[in-house]
Amino acid sequence: MAAVNGELALTVLMGLLLVGVAAWLARVENWRSYTPLGSGGVYGGETGQAHHEKPSGLTRWLTTVDHKDIGIMYGLYGVIAFLIGGAMVMVMRAELLDPGATLISNTFYNSLLTSHGITMLFLFGTPIIAAFSNYFIPLLIGADDMAFPRINAIAFWLLPPGALLIWAGFFPIPNLIPAQTAWTMYTPLSAGVGGGNQANAGVDLMLLGLHLTGVSATMGSINFIATIITERAEEVTWANLDIFSWTILTQSGLILFAFPLLGSALLMLVLDRNFGTTFFVNDAGGAILWQHLFWFFGHPEVYILVLPPMGIVSLLIPRFSGRRLFGFKFVVYSTLAIGVLSFGVWAHHMFATGIDPRLRASFMAVSMAIAIPSAVKTFNWMTTMWNGKLRLTTPMLFCIGFVQNFIIGGITGVFLASIPVDLVLHDTYYVVGHFHFIVMGAIAFAGFAAMYYWFPLVSGRMYQRTLGKAHFWLWIVGSNITFFAMVLLGYGGMPRRYATYLPQFATLHQIASLGAFLMVIGGLIWLYNFVVSYFEGPVVTDGDPWNLKEYNLYTGEWEWFDRKLKTTITDGGDEEVATDGGLHGPVGAETADATDSDDSGRAMDANDE
Amino acid sequence: MDENPGLSDQYRTSSPWPVFVAFGFVISEVGILFGLFPVAVGGLLMFCGSLAGLVHEAGYASTPWRMLAALAVVFLAAGGALATTDVAATRGYAILVAAGILLVGAVVGELVVDSGPTPV
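Order-wise, the sequence lines are chains A and B. Residue 1 is where the first sequence starts when you use this note's numbering, and the numbers rise one by one after that. Residue 1 is where the second sequence starts when you use this note's numbering, and the numbers rise one by one after that.
Excised from the complex, chain A in its bound form (with noise of 0.2 angstroms):
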């Protein structure tokens, strides 16, 4: 009788929802509009309400599909999923502040780990860089929005239910628990056999979170390769298109060929656990081939993410060193090389699994190969600075930053590529220093780096110079320290994924939270830094607030921007800017507070380095 109600009830409420839906689209989307009158009048000719871009309010957010809403939007749940996926990070590490598992439980430090890695990586990284694609793309190519505009906002919508369904597990829902798989789902344990509490339905909605977030991913990868091929203005050719849209373009390409694998195998694994199909059976080699499967995916997901920041920060680092890119073309075809090799690889995460001996060679080898094209690429980056002008701005500091953890974590993962080594390292703190240097000391470096360079134009208001800096101070400092414990842990024998440790290792853990805390304190003035920029910086006035012109360095989204700026004022549509050729108070006191305070490269230079 109970489950008729429960049934019943849940048919009323998706007759409401369905009702509600269909009587906003009625409301919003006037259906006789497609039907010409009587009267006569060109179908599709302007109406004279036509001028305007988008409706206001919620319903403009709701209904964009102008790629530079997307970006924002992308950017705002990218920076809200970092923020969370920090949080749970922060209750681990205070975890971790003495061996035994005094704070939390021990599933809910797996549960924790599990949802930080996810939301990281699927929640964080691939949206945080979908912002800047679907931001600057259009503007870097001179297109005028994605080829498909309506794609791209269905790919952004499939985020946030995809969140909740991740999260899911947290919130307060009767029998429902957090899954506590690791961001690898190794199977076993996801399929739900055995004696564990896998089998919950927790983590069939994490499986289907990860699912949309893989659809969405693949479907802004088409979107992008068919706006950068066919969307280019007349004098964007393949000789000059820019670095940064090089780079988004071959990781769409490895996003179409890694993400439907990875939908398939979730799938499967969804299959296994509800339907009783058995294609990770533990008898028949299922394990391994759902290693082999993620692997497929998952290695190439860290180029996913790692090749669009390179793109930023070889974007970046010339606009701040006076001097155009060192060796483009060599930095393009090693971004290609990577984007090939990537697939070559994903067997050096089963070293440890007793695959044939030859097999492990040939990816040993392959794995070390790739190390040379990511050389080439931090060299260029290195002889663009060598006698360089030099600007030390936020943005640049944080490529610097990138650069410097990317050698670390580069040259860590080159031992971790060598057989003997990895057969001792593996599962070791080691590993995830390894690629904490590579995620957080550069991915995310390079994400925050870019925040700084297009907050201007974005928000049309310059951020606090110097809170940017001691947020660049914090990080550097605290993610060194972190991820340094962390690779020295594992020298020491130390296993990951473990909420509880010997007391020996208590002194390197202690200094791992250290810098972790530091890493908040910086997080936390970069978000007071950009809330209070946003609203009450200072107005930016000038459409080369990073004086490229100077260095013959203007890109297209700044050209587009100088114009938006110079038609605002033709209109007057801004009440602080007078139409009378004078300025106004805040304008002009604006612009003279600029030169001590924001991170302009003509208010900055010289006395900054």
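With the C-beta cut set under 10 angstroms, the calculated list includes, among others, these residues of chain B facing chain A: (1) Thr13; (2) Ser15; (3) Phe20; (4) Val21; (5) Phe25; (6) Glu29; (7) Leu45; (8) Gly53.
No lab work stands behind these hints: they were computed from the structure. Note that the structure is predicted; figures quoted are calculated from it, not measured. Heads up, the beta-carbon is just placed ideally off N, CA and C, and yes, glycines get one too.
We have chain A; now place chain B onto it with these hints.
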């Protein structure tokens, strides 16, 4: 021309459909996986309806109804196949019910609603 144009032809960079295509996809996926009959049906209706609306609005089809019918046929086949299995019969019926409603909607729309020219 209509005095009160809809959102999509009033604003160049707006469309009300994508958000519901995404939500419909999510709701139907959750409904089908967990065997929640009304959720699966409602999600599929939202997904297919919005998809047809989007294709129409984008100018790929002159009316949404035939797209709706095509989707109904696809889901009739999928639901029919699932309904014959032992493990997922209820889910199959949910998909069949959704497809049936969509088909009726498509037929009624085609017959009753006046079809205008393709929006541009």
